[in-house]
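Student: The task is simple: from the sequences and hints, build the whole structure.
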Amino acid sequence: MESKVGLVKAEPDGTRIKEHLASALDLIGFKPKNSVNSVVIKPNLCYYWDAATGYTTDPKVVGGLIDLLREQYGADIDIKIVEADASAMQTRYAFPVLGYTKLAAEKDVALLNLSEDAVEEREIVVNRRKLSFKVPQTLLESDLFVNVPKLKVMRVTHITCGLKNIFGAIALPKKFTYHPFLAEAIVGMNKLVHPHLTLVDGLVALGRFPVRLGLVLASEDTFSVDWVAAQIMGYKPLSIKFLKLAVREGLGDPKNVAVVGEKIETFREDFPRENNLSFRLKWRLQFALLRAYRKVSGDVVPPVLEDI
Amino acid sequence: MIRVGVIGLGNMGRLHLANCLKMDDVDVVAVADPSKRALKRAGNLGVNRLYVDYKELLNHPRDLDAVVISVPNFLHFETIQSFLENGVNVFTEKPMAITVQQCEEIVKSARNTGRKVMVGHCMRFVDAIEKMKATLDRGCIGSLEVATIEEVVNGPFSHPAVPKPVADWWFDPEKSGGGVLMDIGYHMIDLFRFFAQEDSKVMFSSLSYKFNLPVEEGAIVLLSTVKSSIKGTINVGWYQRTVFPKYNFRVILHGNSGYLSSDELVPKNLYTHAAKEGLKNIARRLTGRKIRPLSYTYYYEAFYRELQIFFDCVKNDLEPPVSALDGLKTVQLIEEAYALFKNRGANEHGK
Chain C
0 MESKVGLVKA
10 EPDGTRIKEH
20 LASALDLIGF
30 KPKNSVNSVV
40 IKPNLCYYWD
50 AATGYTTDPK
60 VVGGLIDLLR
70 EQYGADIDIK
80 IVEADASAMQ
90 TRYAFPVLGY
100 TKLAAEKDVA
110 LLNLSEDAVE
120 EREIVVNRRK
130 LSFKVPQTLL
140 ESDLFVNVPK
150 LKVMRVTHIT
160 CGLKNIFGAI
170 ALPKKFTYHP
180 FLAEAIVGMN
190 KLVHPHLTLV
200 DGLVALGRFP
210 VRLGLVLASE
220 DTFSVDWVAA
230 QIMGYKPLSI
240 KFLKLAVREG
250 LGDPKNVAVV
260 GEKIETFRED
270 FPRENNLSFR
280 LKWRLQFALL
290 RAYRKVSGDV
300 VPPVLEDI
Chain L
0 MIRVGVIGLG
10 NMGRLHLANC
20 LKMDDVDVVA
30 VADPSKRALK
40 RAGNLGVNRL
50 YVDYKELLNH
60 PRDLDAVVIS
70 VPNFLHFETI
80 QSFLENGVNV
90 FTEKPMAITV
100 QQCEEIVKSA
110 RNTGRKVMVG
120 HCMRFVDAIE
130 KMKATLDRGC
140 IGSLEVATIE
150 EVVNGPFSHP
160 AVPKPVADWW
170 FDPEKSGGGV
180 LMDIGYHMID
190 LFRFFAQEDS
200 KVMFSSLSYK
210 FNLPVEEGAI
220 VLLSTVKSSI
230 KGTINVGWYQ
240 RTVFPKYNFR
250 VILHGNSGYL
260 SSDELVPKNL
270 YTHAAKEGLK
280 NIARRLTGRK
290 IRPLSYTYYY
300 EAFYRELQIF
310 FDCVKNDLEP
320 PVSALDGLKT
330 VQLIEEAYAL
340 FKNRGANEHG
350 K
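Protein sequences appear in the order of chains C and L. In terms of numbering that gives the first Met the number 0, the first sequence has 125 at position 126, counting the first letter as 1, and numbering is strictly consecutive. In terms of numbering that gives the first Met the number 0, the second sequence has 341 at position 342, counting the first letter as 1, and numbering is strictly consecutive.
If you're looking for bench data, these hints aren't it; they were derived computationally from the structure. This one's a predicted model, so the numbers in the text were calculated from it and none came from an experiment. Heads up, some of the hints might be wrong.
Said to hold, decoys possible - Dumping the calculated PhoX-like pairs for lysine-lysine here, alpha-carbon to alpha-carbon at most 25 Å: (1) L:209 / C:79; (2) C:294 / L:209; (3) L:275 / C:281; (4) L:39 / C:173; (5) C:294 / L:341; (6) C:294 / L:21; (7) C:3 / C:30; (8) L:174 / C:281; (9) L:35 / L:209; (10) L:35 / C:106; (11) C:173 / L:35; (12) C:240 / C:3; (13) L:163 / L:279; (14) C:59 / C:129; (15) C:294 / L:289; (16) L:130 / L:341; (17) C:101 / L:267; (18) L:209 / C:101; (19) C:173 / L:328; (20) C:281 / L:341; (21) C:294 / L:279; (22) L:163 / C:133; (23) L:35 / L:174; (24) L:163 / C:59; (25) L:163 / C:281; (26) C:281 / L:267.
As the list claims (entries may be wrong) - Negatives, chain C to chain L, calculated, CB over 10 Å: (27) 101; (28) 118; (29) 243.
Backbone N, C-alpha and C define an ideal beta-carbon position, used for all residues, glycine too.
Tutor: The structure is reproduced here in structure tokens:
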């Protein structure tokens, strides 16, 4: 079955975002299967860095989505913006710092910390590894679950977009415990939790540096979104470990991915590609040298670096 | 040998402990921290007496010549007072305390007990700052007219290399004493006082609350000295994503015969600096000489130097270069800046 990924050119400052989101949904022909009374929106609020840095989902995108959903499904639908605590990020601070507390008040929607939600303990086997997750119930119970990730590179996984944003919804704050088998954990969580729609905030994307890319991506299939996002960011999708594993685990099929709307190249040209190899080498080298230096010289290491 | 207790083993406390352990004439006799993990680490470094509560140390005040205090801001006052009252010299992290009233009490206690108090105004001991002060004092740029001092970084929002959440007290003004102005602004205001060497007052202050937290994430303060009208502009922020080795800090001193900029005095490339200094320390170690702790980090070396100076003052009965009065005057200016902003807000809203 064909899995459409819609690419829409948008103003990077969020002007007319509702129209652009509507265009993206039209492109993929999105129609919810059931009636919509409750909506859950999961942006990517991985840390306290503003949307202009390219790290976190722009509240303007979520605001435009809320307006669009109300237009389509009624003003009285129940909408929740959700995020879970992360290893270093606390949702109770991320919501105000990143403008979501203000947005929630303006749009009269609820904010929910998924780490405080009721959870279901789920187990799944990925790549012959048994994994267990605390899955927030809210994600499993809504009529419409919209995943609103950011388009960006990341040292550990190369890229982070739709699939990784679902990993971020695990209720357990200390997600770094999954890092030794991160690809398996990303695929595992996405086998358990299926957003009905993924809308990518690529207004400001993050490569080697942040760039005002002015892109909105939409798809009903999270895997397909990431397959296209990887190409926009200059990667061969199969070079991304979790995408390769997703294919092997049957989470998605590249043959079904169909790009509609703008062309991938339009955005790829403007995306500041990160040379991941040199980035990772430099990162590892500096800490390896520091460890060696400490051993040889007996010098003090600042506490922020002592556990590395 | 100075017998030292290290109180609080968070990031700053662990740094101070590591520095103390590198000093020849310092014996760390005890540490105190509620975290058992932190105490275990200190034990592994060779500290024998480990306390969950610093008050247990007060039962044996004669075992100590000095303490190094690095507890959360709201605990500074009672911790400093407890040790002063028991006749122990105190080095404390900044701010000395979170209100002017508390600072005044500490100044009084220091005077009454005759004990030494030094506050960790570490920026004064950064190599570039020391050079600027020496150049200014030699008259090379004439009389100081204006100092622009700024540091815009990520503050408590800096993503740690090993992830852990920010402690809640940072965002509670009752416990932190304020936001970026109390945190980074404290150092910048102290630097202005250090260069101007005169009593100052606040002419203007503007605070930013775009993070929608109870404390400010940005602050701009205009200072003026009372006697010579030397002006200082202070610009501080927690809002900029900063990744090592970038460090957005600078001081520019404008005199009537020239100017000085810290940008021209700090290493152009911190990696090259680290490599050079690291190799020098390895050579020192291999030839049996003493290393220069933290010189490879450039900025962190100031923490070692300030402690060393404090212990020298204790040992030789000298006045510390940063006194309790300096701690008080800095907090006074911060309180003035907060009050000025608050009052202006009230006036602008017609209250």
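Student: Hints numbered earlier in the text: which of these fail when held up against the supplied structure?
Tutor: 2, 5, 8, 9, 10, 13, 14, 16, 17, 19, 20, 24 and 27
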